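A.B. asks: Listed below, chain by chain, are the residues.
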Amino acid sequence: MIRQALKVFKALNSNEKPWQLSLGLAFGGIIGLMPLWTPHNIFFLFLAFIINLNFSLLILGFLIFSGIAYILDPLFHQIGLAVLTSGGMQEFWNGFFSNSLFLFDRLNNTLVMGSLIFSLVSAVPLFFLINFLIRKYRENLKDLLEKVPLLKSLKLAKAFDTFTGSGS
Amino acid sequence: MKIFRWQGVIAFILIGGLIGIFLLLFLDGMIERAVEEKGSEAAKTQIDIGSLSTSLLAQAITLANIEVANPDNNLENLIQFESLALDLDGIQVVSRKIIIDELQAHGIRLNQARTHPAQSPDGKKSETGNDKASSGQKALALPGLDGLSMKSPEEILKSEKLETLEAGNRVKKTIEDLKSKWKNKFETDLNPNALEETKQELAELQKKIQGGGLADIPNALKEFKTLQNDIQGQVDRITSMKSELEKDVQMAKQQVADLKNLPQKDFERLKNKYSMNPEGGKNILASMLEGPLKEKLDKAWKAYKMISPYLNRGKSPAEQVYVRGRGIDIAFAKTSPDFLLKHGDLSLVLLDTEVKGELKGLSDNQQIYGKPARINFQSDKNEKFDSFALDVTMDKTGPQSKDTLALNIQGLNLQNTGKAELKGGSANITGQLTIVDENNLNGNFKAVLDRVSLSIPKQEGNELANTIAQSLSTIDRINISVGISGTIESYQLDIKSNLSEIISNAVKNVLAEKMKGFESSLMSAIQSQTGEALSGANGSLSGLLGQNKILSDSGSAYGGLLGEAKGEASSLGKSKGGLSLPGGFKLPF
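Just so you know, the sequences run in chain order H and F.
Residue numbering for the first sequence is 167 to 334, as defined by the working numbering.
Residue numbering for the second sequence is 9 to 597, as defined by the working numbering.
Derived from the structure by calculation, the hints contain no laboratory data.
Since we're looking at a predicted model, the values are computed, not measured.
Beta carbons: idealized from backbone N, C-alpha and C, even for Gly.
Mixed in with the good hints there might be a few duds.
[As the list claims (entries may be wrong)] Computed from the model, here is a short list of chain F residues facing chain H with C-beta under 8 angstroms:
1. Lys10
2. Phe12
3. Val17
4. Ser103
5. Arg334
6. Ile336
7. Ile338
8. Phe340
9. Ala577
[To be verified] With a straight-line Cα cutoff of 25 angstroms, these simulated DSS-like cross-link-like pairs (lysine-lysine) come out:
10. Lys10(F) to Lys173(H)
11. Lys302(H) to Lys323(F)
12. Lys466(F) to Lys216(F)
13. Lys313(F) to Lys52(F)
14. Lys10(F) to Lys183(H)
15. Lys302(H) to Lys313(H)
16. Lys105(F) to Lys323(F)
17. Lys364(F) to Lys389(F)
18. Lys176(H) to Lys216(F)
19. Lys268(F) to Lys524(F)
20. Lys364(F) to Lys379(F)
21. Lys261(F) to Lys279(F)
Here chain H stands alone, though its shape is the one from the complex (with noise of 0.2 angstroms):
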């Protein structure tokens, strides 16, 4: 654990793009609130080896979205219920569920459809402002940080681990 807070300090300073991290962090946002073993949840993980972006942040964003999404869950089934039920949608709904794909992706259930459409609608404002978070804190608080005794000594503990070959 606190070697992932670590490397998710160490990303924080490095020299990667603030999209990437924040990237990362919306990525792990939307596989956690989503039930993990869907096929959509497989190609956004697929997705996340591919694009460049941080996976420290990917696995953090990921646990704390798994709590989070716990916590939303009655939320994401009336949001998945309002979705399928509405009155308007069935003749669209007949006809996409009439192909396979969707039924075996289990998009007809409340619960991967709310927490689907609520994980891609909040990953957008998320990545945003992560992204502005990160800018923010590289702009003002980076230098700040790094005259921190204790974040100091950690860091001269991960040269240490890094010199003697122990760390990752």
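Following the hints, complete the assembly by docking chain F onto the known chain H.
C.D. replies: For chain F alone, coordinates are given in the frame of chain H:
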């Protein structure tokens, strides 16, 4: 800075490959456990699978030693299969549909004993089957005659409530209440001191007249009138009480009179219930056959009810409830059922012989599939029977479901049916049953047993059973027809047989004398048990009647006083006409 890292594809494939290998290695065990757990939950009974193997390339699953426990008897399997082989339509799995192109089911056995007790999936303790252990396949069994012994009157009265006894106690209590009501009324309204006080008042007035002068006469007359009115009031009250008491007495008398007919009524009721009507051979046969038949039918209905919901999703889709972490699946217009078994070859083990069968079009939604499910078993001549045919059609394509079963067994060898009573002969069994709307029954089955040899063991001390057994041992042909009607929850069996006549005659001979003795001893037992209550009610009534005397005595006492007061007042009125002197002297004018 690159947007894509193509080496990520390799990492993804590597991870996916590892997961794939893991699944290939452990998929069979995972499916086996899932089927056992989820299947047991859905069927509400334990399902065991001996082994399961999948072939992804051939899209096939093979299972061996599948056992479905009887939910009512944990030592018995409702159904078991030696082997099941399924050829699946793999592409349909993508649509989350189970489409089985071909099924091979071998070694199907019904109602077999389990090697180890089953556990209920919901944790409830199911009935232990020691006493209900598998009876195997004994569809043609003739029941024993154990239930034909008659209860003694004492035993009957222990378990029966007598209306006479209850009514007697009720009447006794009513009369006792009336008695206590009148006792209270006498004490308050008919105070014995009041009579004495009135007597004394009258005597004092008389004294006063004798000792008084002329001037006192108008006052005395006034007092006499007042006293006379008081006494008249008391007499009126007593008269009204008498009429009220009379009404109460009449009511009590009527209730006591009604009690007299009740012992006879109790006797008739118990006689009809416990006595064996010499004409009732038919009832005896029905009671002999109905129990075992109903036991088997109830088991069949239970299995039918267990399966039906899974075959009629079109009419009654499974109700879904939101569960955290699962959501609910919304069903949209379907073009094919979620479950379909297109064709199956079956092999049923019946009476230790193999009967081949075929299954077609078993689906969970026949309204979409458009075809009913059909199962048929057929067998030609073998050592157990000349021919066997069972056709089952489950038609749920229309708005009203109609399931039919037709059975035709010819030349069934009775010697090996597992019943000790049947020593030989053969049977032809035909019939059909229709279940409309999965509830309304209409069916008729006929069994003709020819060259029958019955040997029913003697029952110590049960003359009736032994006589019937002896009568049955002389016959060689039995016709039995069973009509089924009503609903699954409440159905009636109409059992007819030539045995009725045979049993009726046997019953007539044995029971005619026995019934007389039974009836007289039942009447005596009723009378001795109800005698106390009846005499108690009568005694209470005579006590109530005695209270009438108190009122009469009191009434006549007041009547006497009233007459006396009236006499005194009238003589005083007359004397007011002439002047009288003290000492009885009278003036001449």
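A.B. asks: Among the hints numbered above, which are violated by the structure, and what are their numbers in rising order?
C.D. replies: 9, 11, 12, 18, 21
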